[in-house]
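A.B. asks: The lines below spell out each chain.
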Amino acid sequence: MERSFKNHLKSSFAVSIAITIFAISLFSCDSSSSKQENVNVKADHAFPAADADNGGLTLPENFGAIAVTDSIGRARHIAINNQGDIFVKMRTLADEKGVLYLKDSSGNGKLDLISGFGDFGGTGIAIYKDFLYCSSDSAVYRYKMENGIVKPNTLPDTIVTGFIVQRTHASKPIAFDGNGNMYVTIGAPSNACQESPRTPGSKGHDPCSQLDFQAGIWQFKAEKFNQTLKDDGHRYATGIRNAVAIDWNFKDNALYALQHGRDQLSHLFPEYYTQEQSAELPAEEFLKIADGDDFGWPYCYYDQFQEKKILAPEYGGDGQKIERCEGITPPILAFPGHWAPNDLLFYTGDQFPEKYKNGAFIAFHGSWNRAPFPQQGYFVAFVPFKDGKPEKEWERFAEGFTQVDSVMSTNDAKFRPVGLAEGPDGSLFISDSAKGKIWRVIYYGNKLALKD
Amino acid sequence: MRKGLFVLIAGIIISAWSCQGKKEETAQKEAPVVKEEPKPAAPTAEDVIAAGEKVYNTYCMVCHQKDGNGVAGMNPPLTQTKYVLGDKTELITIVLGGLSGDIEVKGEMYSNVMPPHNFLNDKQVSDVLTFVRSSFGNDADAVSKEEVATVRAALEAK
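Protein sequence lines, in the order shown, are assigned to chains S and B.
Converting from the first sequence to my numbering requires adding 745 to each position, the first position being numbered 1.
Converting from the second sequence to my numbering requires adding 184 to each position, the first position being numbered 1.
Next comes chain S alone, as it looks inside the complex:
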């Protein structure tokens, strides 16, 4: 599945010469530039140089990365203002703060922790108009921004409350469209709506009443205060177990999300699934969502080998039967099971080569549910889009997060990608949930030279 970068490789010599000439000419014209930079593939006049080891990441040819911060704590999603400063939503409070504000105050490419605010942990964060929206697991708030920053002691406005308190899949990721709407994922409070949670052989509730106010994506007014789930929320899509990765695609004006597929098929129903099957099934589904869509959870899951929605074993399925899953909307692309897609970003910048434009970056948090086999999926993928459709030949864009060859237990993974954001200059930021490391990925190639 990995895309080869042979054509890039071939031209890399030409590229470095081109860059050298380009950089030297710029350097000599720009007399005000006092910064002496090494001219190599990983340096560019407009960007700070990449770390020698790319912050531990493996990237496609001509990309480099800077570890902009190391260990700020349990980071989740991130948002970037138009000056390239970063706001990080923390899962648990870091020094009693739920949002951290980081800025490159010395111009060396590294971020400094400037301040923090908010007394709630959570996942969702996004800038919409002149406001910073943040979610806890039970509400969405927003902070007024002035010149891109949240002034000290700014009190948040409450946008939505009334989410059902849940222990499982509690994150409330958010996204905005261009029409004044906000979308909030509400995860399922269970693995498969079983009568006895995660208990081998236990049947599923039928109907599953969890679908009434959970296991879907809800639409709210982006700027109306004090909305509640029950009074103001519109169930935009249902039958989605948990979609931590959601983003609005402005190119085709649609909501996209990735579902975390259900866990433990062989553990709960060993009579129908081998451990090998259970490690790969069901697919993590990349969904294009229209108002009113139903993606089938808990009754159905997507089997990427049979390329069908299959009846879940809690509802009488045996790994083959389809029954009520006939006609359920399939994903636009399917990934192997349990990789835990935790953020989605449609790239709109010009900093990366042309093929990245309007394609999707996906941060996979990595599995915990593949035992006895090694855990997998701790990386950032890129899915090119052509004519509004994802291409099957997606690539492993950023790897190396785990810092080990094989992850037998989740804890072996040193870093786990969880959040993505695009900087104003088109560089890509990736946050990690384990230590709170953040990388900035920059393209150092000469685009003109790379176009064939």
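Treat the hints loosely; a few may be bogus.
[What the hints assert, rightly or not] PhoX-like cross-link-like pairs, simulated, lysine-lysine; straight-line CA separation at most 25 Å:
#	chain 1	residue 1	chain 2	residue 2
1	S	1137	S	1102
2	B	290	S	1180
3	B	250	S	1180
4	S	996	S	896
5	B	250	S	1159
6	B	342	S	1159
7	B	342	B	290
8	S	842	B	342
9	S	948	S	996
None of these hints come from the bench; they were simulated from the model.
Position chain B against the provided structure of chain S, taking the given hints into account.
C.D. replies: What follows is chain B alone, placed relative to chain S:
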């Protein structure tokens, strides 16, 4: 592709290995005392731990992971926690009756669901807890079948 092949091969090896394990188990069940060597009736500590590891790999590893470190924010670790090393009745109760609600383990909050494992028999529970209490850096005494039976009876009487 290569990774796929690796997984496949690993799968075959592991499944072959687990079949072997199962075979041994059934063989033992069918003919426990008719071995050539007059084996002591009580299994050795190593036997118990090996049996406990098998139960662990089948029923607990999926959540608590191979290294017993759990999954951050989701499933707590079993490494020197107060529950693992503490009161055995409470520990057995967690396994038989499951656990949900907010709990603190080693300074971190967890609030997920651990299902009841009362479908395991007394020996499986005592084996797995003996294994857990002597693995992952833990060093606590064994749990006996009888202790499990007592807790099970008390829970069922409730």
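A.B. asks: With the threshold set at 25 Å, check whether the alpha-carbon distance from residue 342 of chain B to residue 1159 of chain S stays at or below it.
C.D. replies: 45 Å, violated
A.B. asks: Hint check: residue 250 of chain B vs residue 1159 of chain S, CA-CA at most 25 Å. Holds or violated?
C.D. replies: Since the Cα atoms of residue 250 of chain B and residue 1159 of chain S sit roughly 16 Å apart, the hinted pair holds (cutoff 25 Å).
A.B. asks: Assess, step by step, whether the Cα of residue 996 of chain S is no farther than 25 Å from the Cα of residue 896 of chain S, and give holds or violated.
C.D. replies: 33 Å, violated
A.B. asks: Given the proposed pairing of residue 290 of chain B with residue 1180 of chain S, does the C-alpha separation stay at or below 25 Å?
C.D. replies: Answer holds: residue 290 of chain B to residue 1180 of chain S is near 17 Å, not above 25 Å.
A.B. asks: Has the given pair, residue 948 of chain S with residue 996 of chain S, been kept, meaning a C-alpha gap of at most 25 Å?
C.D. replies: Outside the cut-off at roughly 42 Å; violated.
A.B. asks: Starting from residue 250 of chain B, check that the Cα of residue 1180 of chain S is at most 25 Å away, please.
C.D. replies: Between residue 250 of chain B and residue 1180 of chain S the Cα gap is close to 21 Å, so the pair holds against 25 Å.
A.B. asks: Would the hint linking residue 342 of chain B and residue 290 of chain B be met if the CA-CA limit is 25 Å?
C.D. replies: 30 Å, violated
A.B. asks: Quickly compare the C-alpha distance for residue 1137 of chain S and residue 1102 of chain S to 25 Å and report which way the hint goes.
C.D. replies: Judged against 25 Å, a Cα distance of about 17 Å means the pair holds.
A.B. asks: Would you mind confirming whether the straight-line C-alpha gap from residue 842 of chain S to residue 342 of chain B stays at or under 25 Å?
C.D. replies: Distance of about 44 Å is beyond 25 Å: violated.
Hint violations for this structure: numbers 4, 6, 7, 8 and 9, all remaining hints satisfied.
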